Amino acid sequence: MTQPVCCVCNVPLEEPAKTFGGRTFCDRHYAKISQNRKAMWTATLVLIIALVLFVLLVSALAPGFATTLTAGGLTLLGVVLALIPAALWLGIFYLQDRAEPEPKGYVLGVFFLGALLARAVGQPLIEEVFQVNVWAGDQFWLKLAAGILIVGTIQEFLKYAAVRYTMFRSPELDELVDGIVYGAAAGLGYATMLNITYVTQTGGVDLGIGATRIAVTALAQASFGGVSGYFLGRAKFAAMGPWWLPGGLSLAIVLNGVVTVALGAISRTGIQVTPLRGLLLAAVVAALTFGVLFSIMRRSWAGDLTPTAQAESSN
Amino acid sequence: MSTQAATRGRRLARAEEPEWLVWAWVVLLLVIGLGIKMSVMGRLTRAEESGVVLSYPAGWTWMETTDSTQLLYVADPFASAGFPTGVEVREVALSTVGRNLEQLSDIGLAWSTYHGRELLAYRALSVTPVTVNGREALALRYAYVPAPGQGAQGSGLPVVVQAQDLLFKQGEQLLVVTFAAEATRYAELTATWQAIQSSIQIQ
Numbered sequence: 001m002t003q004p005v006c007c008v009c010n011v012p013l014e015e016p017a018k019t020f021g022g023r024t025f026c027d028r029h030y031a032k033i034s035q036n037r038k039a040m041w042t043a044t045l046v047l048i049i050a051l052v053l054f055v056l057l058v059s060a061l062a063p064g065f066a067t068t069l070t071a072g073g074l075t076l077l078g079v080v081l082a083l084i085p086a087a088l089w090l091g092i093f094y095l096q097d098r099a100e101p102e103p104k105g106y107v108l109g110v111f112f113l114g115a116l117l118a119r120a121v122g123q124p125l126i127e128e129v130f131q132v133n134v135w136a137g138d139q140f141w142l143k144l145a146a147g148i149l150i151v152g153t154i155q156e157f158l159k160y161a162a163v164r165y166t167m168f169r170s171p172e173l174d175e176l177v178d179g180i181v182y183g184a185a186a187g188l189g190y191a192t193m194l195n196i197t198y199v200t201q202t203g204g205v206d207l208g209i210g211a212t213r214i215a216v217t218a219l220a221q222a223s224f225g226g227v228s229g230y231f232l233g234r235a236k237f238a239a240m241g242p243w244w245l246p247g248g249l250s251l252a253i254v255l256n257g258v259v260t261v262a263l264g265a266i267s268r269t270g271i272q273v274t275p276l277r278g279l280l281l282a283a284v285v286a287a288l289t290f291g292v293l294f295s296i297m298r299r300s301w302a303g304d305l306t307p308t309a310q311a312e313s314s315n
Numbered sequence: 001m002s003t004q005a006a007t008r009g010r011r012l013a014r015a016e017e018p019e020w021l022v023w024a025w026v027v028l029l030l031v032i033g034l035g036i037k038m039s040v041m042g043r044l045t046r047a048e049e050s051g052v053v054l055s056y057p058a059g060w061t062w063m064e065t066t067d068s069t070q071l072l073y074v075a076d077p078f079a080s081a082g083f084p085t086g087v088e089v090r091e092v093a094l095s096t097v098g099r100n101l102e103q104l105s106d107i108g109l110a111w112s113t114y115h116g117r118e119l120l121a122y123r124a125l126s127v128t129p130v131t132v133n134g135r136e137a138l139a140l141r142y143a144y145v146p147a148p149g150q151g152a153q154g155s156g157l158p159v160v161v162q163a164q165d166l167l168f169k170q171g172e173q174l175l176v177v178t179f180a181a182e183a184t185r186y187a188e189l190t191a192t193w194q195a196i197q198s199s200i201q202i203q
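Going line by line, the protein sequences match chains A and B.
Taking this note's numbering, the leading residue of the first sequence gets 1, the next gets one more, and so forth.
Taking this note's numbering, the leading residue of the second sequence gets 1, the next gets one more, and so forth.
Just so you know, these hints were derived from the structure itself, not from any lab.
Since this is a predicted model, take the numbers as computed values, not measurements.
C-beta: ideal position from N, C-alpha, C; glycine also.
Hints are supplied without guarantee of correctness; some may be wrong.
Said to hold, decoys possible - Beta-carbon label-pair distances, calculated as ranges:
id: 1; chain 1: B; residue 1: GLU19; chain 2: A; residue 2: TYR94; range: 56 to 62 Å
id: 2; chain 1: B; residue 1: SER199; chain 2: A; residue 2: LEU57; range: 52 to 58 Å
id: 3; chain 1: A; residue 1: GLY22; chain 2: B; residue 2: GLY35; range: 34 to 40 Å
id: 4; chain 1: B; residue 1: SER198; chain 2: A; residue 2: LEU57; range: 41 to 47 Å
id: 5; chain 1: B; residue 1: THR184; chain 2: A; residue 2: GLY22; range: 55 to 61 Å
id: 6; chain 1: A; residue 1: LEU288; chain 2: B; residue 2: SER198; range: 37 to 43 Å
id: 7; chain 1: A; residue 1: LEU116; chain 2: B; residue 2: THR131; range: 50 to 56 Å
id: 8; chain 1: A; residue 1: GLY264; chain 2: B; residue 2: ASN133; range: 37 to 43 Å
Said to hold, decoys possible - If we take Cβ atoms under 10 Å as the criterion, some of the chain A residues that face chain B in the derived model are:
id: 9; residue: LEU125
id: 10; residue: TRP135
id: 11; residue: LEU149
id: 12; residue: ILE150
id: 13; residue: GLY152
id: 14; residue: THR153
id: 15; residue: PHE157
id: 16; residue: SER250
Please model the complete structure; the sequences and the hints are all you need to start from.
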């Protein structure tokens with residue numbers, strides 16, 4: 001019979017090993033499974049509120065900038081604005097995450113990987129190979145199908161891959177909530193690259209509309225990334241069966257497609273653009289998504305996991 | 001269900017998170033998406049205007065124009081920032097092109113000269129007699145630089161447009177079907193143009 005090893009750190013274990021969900025754990029990692037990482041929730045809540053305030057502030061100041069800045073200056077300012085959501089989330093996360101900090105380099109690394117995959121693989125595939133803008137522009141069902149089957153699938157798979165093939169097997173992903181942390185980081189990386197591309201392609205944009213779009217994209221992409229991150233986190237600590245990861249990815253994909261189409265529809269009334277409605281929807285989606293994830297995780301911290309784990313370990 | 005299949009099913013259910021399933025699922029979704037794209041992009045819409053029938057890609061839209069000779073103008077709004085790929089049908093009195101024009105070859109020559117007066121940096125590339133659904137026509141391929149008001153968009157650098165006119169003689173009228181696109185994209189649109197050309201019917 002093979003000697004059991006901890007599924008987090010691969011340290012060989014003495015029999016009887018502590019088990020949970022069909023996996024074996026060392027004492028240290030068994031105790032950590034259901035720990036909370038309060039900093040993640042605080043950072044996300046602050047991000048949602050701060051981005052709404054950020055949009056209102058930029059919209060109020062935008063007319064002054066538009067008259068004093070050159071096109072190059074506007075583009076530079078737009079790029080700075082595009083970096084703000086990620087800087088906010090990462091900054092607050094690190095300030096709060098002092099008890100047992102997640103290694104800075106890893107969270108930042110997944111963030112950059114998300115951005116890199118967006119630029120090198122995701123958006124070229126969506127725009128050049130599948131040419132979604134060319135054929136899926138005018139009919140609702142076509143937009144929805146393209147949003148789910150192509151845009152959502154590519155974006156969510158790349159965010160999933162940014163976590164699955166880097167942090168998933170790392171001993172640093174040692175708490176259930178870490179999946180959400182890394183998923184959200186990959187989502188913010190993807191969003192930041194989308195926003196920088198948007199700003200540079202439009203030559204500075206209208207700052208008010210641009211700031212709204214930046215905030216909406218960041219909130220939405222971080223939420224979708226958080227969903228697949230949750231499923232990855234669970235899969236690391238318990239044998240969830242073969243359909244768990246495809247199911248979780250599918251949920252993130254459908255959420256991505258439906259929310260993106262809804263954002264496009266709600267931000268327009270005829271030919272009039274009303275971006276603040278989109279911001280409201282994105283904030284609600286982010287609050288609901290992370291709220292649901294928080295509620296699921298709280299059940300774990302309240303003891304749903306541990307007694308079961310203890311029962312399993314005692315058998 | 002056979003015993004072997006049941007065993008395979010149980011083995012799959014026991015597996016923890018087989019990565020191939022995620023990849024297979026993603027590939028399946030993308031293949032379905034690609035299928036939808038191809039069916040939409042390959043779909044043609046039929047248009048009939050003043051006795052001229054033709055089909056064009058369903059994603060193209062009708063464009064407003066003030067040109068009184070124009071019967072139809074549809075273009076791809078997403079094709080290019082410099083010049084929209086499109087097809088246009090015009091009916092021009094032969095007398096405005098030249099005098100005593102009976103043969104298609106004479107008409108082609110006169111029409112090319114007419115273009116030379118109208119279009120900036122105009123250059124004829126080829127003139128070929130063709131048959132379109134049983135009707136004799138002349139295909140004139142040419143290039144030019146569109147001025148604002150001739151389809152050029154925005155304030156960016158000028159673009160070179162490549163176009164082909166199909167010329168049909170209709171009594172004292174000249175019917176011109178023009179397919180035009182940015183020269184850099186013209187070659188990749190050959191299939192589109194052939195689909196449009198083969199759909200042309202003149203009643």
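Hints and how they fare:
1. GLU19/B x TYR94/A: 56 to 62 Å: violated (31 Å)
2. SER199/B x LEU57/A: 52 to 58 Å: holds (55 Å)
3. GLY22/A x GLY35/B: 34 to 40 Å: holds (38 Å)
4. SER198/B x LEU57/A: 41 to 47 Å: violated (58 Å)
5. THR184/B x GLY22/A: 55 to 61 Å: Since the Cβ atoms of THR184/B and GLY22/A sit about 58 Å apart, the hinted range of 55 to 61 Å holds.
6. LEU288/A x SER198/B: 37 to 43 Å: Hint violated: Cβ distance 52 Å, outside 37 to 43 Å.
7. LEU116/A x THR131/B: 50 to 56 Å: holds (54 Å)
8. GLY264/A x ASN133/B: 37 to 43 Å: Holds, since GLY264/A and ASN133/B (Cβ atoms, about 41 Å apart) stay within the stated range.
9. LEU125: holds (9 Å)
10. TRP135: Hint on TRP135/A: holds, closest Cβ of chain B at ~5 Å, below 10 Å.
11. LEU149: holds (3 Å)
12. ILE150: The hint holds - ILE150/A has a Cβ within 10 Å of chain B, the shortest such distance being about 4 Å.
13. GLY152: Result: holds, 8 Å to nearest chain B Cβ.
14. THR153: holds (4 Å)
15. PHE157: holds (5 Å)
16. SER250: It holds, given that the least Cβ distance between SER250/A and chain B is near 7 Å, below 10 Å.
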